[in-house]
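Colleague: Read off the chains here:
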Amino acid sequence: MKRALTITGVLAGLAFACIVYRQEPDTYAWQLPEGYPPPFVPADNPMRASRVALGRWLFYDTRLSGNGTMSCATCHLQSLAFTDGRATSLGSTGMVHPRNAMSLVNAAYASRLTWANPLLARLEDQALTPLLGDRPVEMGMGGREAEIGALLASEENYRTLARSAFPDDEDPFSLLNAIRAIAAFVRSIVSYDSPYDRYLAGDLGALSSSAEKGMDLFFSERLECFHCHGGFNFTDSTTHANTTVEQVGFHNNGLYNLEASGAYPADNTGLFDMTGQERDMGRFKAPSLRNVALTAPYMHDGSIATLDEVLLHYARGGRLITEGPYAGDGRLSPFKSEFVNGFELSDEERTNLLDFLAALTDESVLTNERWTDPFVR
Amino acid sequence: MGAAKWARRPASGFLIFALCVAACTPNHVPVNLEFVVTWQGQPLRCNETGIRLTDLRFYVSSVTLIDSNGIEHGLEMSEDGLWQHSGIALVDLENGEAACVNGSPAMNSQVSGTTTAAGFSGLRFVLGVPFDLNHANPLTAQPPLDDAAMHWHWRSGYKFLRAGVATESDGFWLHLGSTGCEGTVQNISGCRSPNRVLVELSGFSPTTDRIEIDLAALFPDVDLNDGRRGDCSSGPAEASCAEPFRALGLEFGNNTAASPPGSQGVFRVRR
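Chain order of the listed sequences is X and F.
Take the first sequence: its position 187, counted from the start at 1, is 187 in my numbering, and no numbers get skipped.
Take the second sequence: its position 201, counted from the start at 1, is 201 in my numbering, and no numbers get skipped.
Hints in this document: simulated from the structure, not taken from any laboratory.
Heads up, a few of these hints could be off.
Said to hold, decoys possible - Computed from the model, here is a short list of chain F residues facing chain X with C-beta under 10 Å:
(1) G103
(2) L139
(3) Q142
(4) E238
(5) A242
Said to hold, decoys possible - Some chain F residues judged to face chain X by a derived CB distance under 8 Å, without partners named:
(6) A148
(7) A149
(8) H153
(9) T179
(10) R192
As the list claims (entries may be wrong) - A few chain F residues that don't get close to chain X, going by computed Cβ distances all over 12 Å:
(11) E182
(12) V185
(13) S193
(14) R210
(15) R270
Predicted, not measured: the structure shown is a model, and the values here were computed from it.
We put the CB at the ideal spot given by N, CA and C, even for glycine.
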């Protein structure tokens, strides 16, 4: 009898343990198609549906700017594949950022974040700069960071979300947790439903014959696009959960050649700004080309208006600026990538390439309710 | 953090007194270092006509006092939970008012602790945060290393020094910190330009002297009347950094070690 009771007790305990265990993994369903690797996730910020939910509210909350005028979404609009359509972005206090807002789609797969920072490998580290930075001021919360934790504690919606997202924290209302949640939300914005993806999955009708020809051109040694824009995310700076060797690439694509010295404009020297090494002048990350048809204007400074002009730039093997402060022939830059050599391209081939690049657009990203503004009901 | 500092600072004097009752044996002599900001030797404030302060905050570490025999005595910095931790102190000489609008109301002009001797005639300290603590996560750091305004998220590490001056229509500011760092944020292996400044002041006595920071010496070539606002973010290619770096005794662009002792001319003894 006593033994039976003990066994019952053990079983009850096990059942209880199972319930607790089953509740514990508040995991995140990536909804990735077969064969695509899940993104790398830092051990100290595991993906949780609850964290993504909290991050979604914070991403769209203008109270995360010093003067209440902008949120993360101001420069990262879902309708433009999370870019802002501007050549260079505008901060909350009116300061012009020297660089173009990058798409956040598949940022989870970026081995390095932003245009030319070799140090930024995690969204959690990157998010601090737009929030708190002062050169330029973006969201303008520098020196006011305590207000972000206070915001989480200030209203029922955030209190509930934060307690659920960080159940082990006695006081979950912190800047650290806000950053983790925003990073989790941005990490959740993944895209694999373009016509190109459907084509790869066996739907051969998903690409037009023109786009198919464009694909062959894109992956040809003649044009060399894929050397920098290769892999499933169309950039050589890609990482994921199963990565064994880290890939990080920065390239000078011949946009500028000031005074024939190879120099770039002073506020946009690329990797050189971080390293001070001459060889790094004008080296920027090759951005992912997913949804590229929606992310005009192009380049780190938004200095090329259309994709067609981008193709002409690469066909020439560098940009010629004939007058003004940025005059110079980028084709002759001593720091230019070995893959930017120029090529002949017929009008028909240009159309083929543009059709292929348009086939990298995942329309579902633009409307998917997982990433819409929760303040709009 | 700002508000908490403001509220709690008045208690620190009492705290030091209380600690002294318990610990001020001859081997624990209290030492207070007092900092003051000037422009060409004249006091500089945020609220001023003409040249005014816009920012002055900096980290002080590895503080050593030198006695009359030339023997060095390290300052055992007290822990106050706000301005001093782990041998690092944040000095903040702006009050967030007027031209210092981007600053914080809390101020701290002192670095305090104890030494094992008395009767000093020299001072040495590092302007900067030691490498190990410089590249840890600022969101989990203890005060004063939790101050986001002092952290350089995109370069990794802290702004060792934020300093700025302005006139009605002109201005210049400097952010000094390590550059050319390698690795990734929170996993930095080293920095080509550490940009830590070794300050050595001979003839300094903490009982009679203060430490003056003369911003006119930091910005010797800045014309504050030409209407061209300037700045230096320690970038290796920023021409505007050349003079401030020289004034701090730092090589510009290719620095590999702390500056040679005493070569800076910005920090001075003020009687």
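Colleague: Does each hint hold? Answer for all of them.
Modeller: Status of the hints after comparison with the structure:
1. For the restraint placing F/G103 at the interface with chain X, the shortest Cβ-Cβ distance is roughly 7 Å, inside the 10 Å limit, so the hint holds.
2. With its C-beta approaching chain X no nearer than about 4 Å, F/L139 sits inside the 10 Å limit, and its interface hint holds.
3. Interface hint status for F/Q142: violated, as the beta-carbon distance to the closest one in chain X is roughly 14 Å, over 10 Å.
4. For F/E238, the shortest C-beta to C-beta distance to chain X is roughly 8 Å, which falls under 10 Å, so the interface hint holds.
5. Taking 10 Å as the C-beta cut-off, the interface hint given for F/A242 is violated, the closest approach to chain X being about 13 Å.
6. Interface restraint check for F/A148: the shortest CB-CB distance to chain X comes to about 4 Å, inside 8 Å, so the restraint holds.
7. Taken as an interface hint, F/A149 checks out: its beta carbon lies about 4 Å from the nearest beta carbon of chain X, inside 8 Å.
8. Taking 8 Å as the C-beta cut-off, the interface hint given for F/H153 holds, the closest approach to chain X being about 4 Å.
9. Nearest Cβ of chain X to the Cβ of F/T179: about 7 Å, under the 8 Å cut. The hint holds.
10. Here the hint on F/R192 is kept, as its CB sits about 7 Å from the closest CB of chain X, short of 8 Å.
11. Here F/E182 does not stay apart from chain X, with its beta-carbon only about 8 Å from theirs, under the 12 Å limit.
12. Against the 12 Å criterion, F/V185 falls within the reach of chain X, whose nearest CB is about 4 Å from its own CB.
13. With a minimum CB-CB distance of about 7 Å to chain X, F/S193 fails to clear the 12 Å threshold, and the non-interface call is violated.
14. For F/R210, the requirement that its beta carbon stay farther than 12 Å from each beta carbon of chain X is met, with the minimum near 27 Å.
15. No Cβ of chain X approaches the Cβ of F/R270 within 12 Å, the least distance being about 29 Å, so the stated non-interface status holds.
Violated hints for the displayed structure, listed by number in ascending order: 3, 5, 11, 12 and 13.
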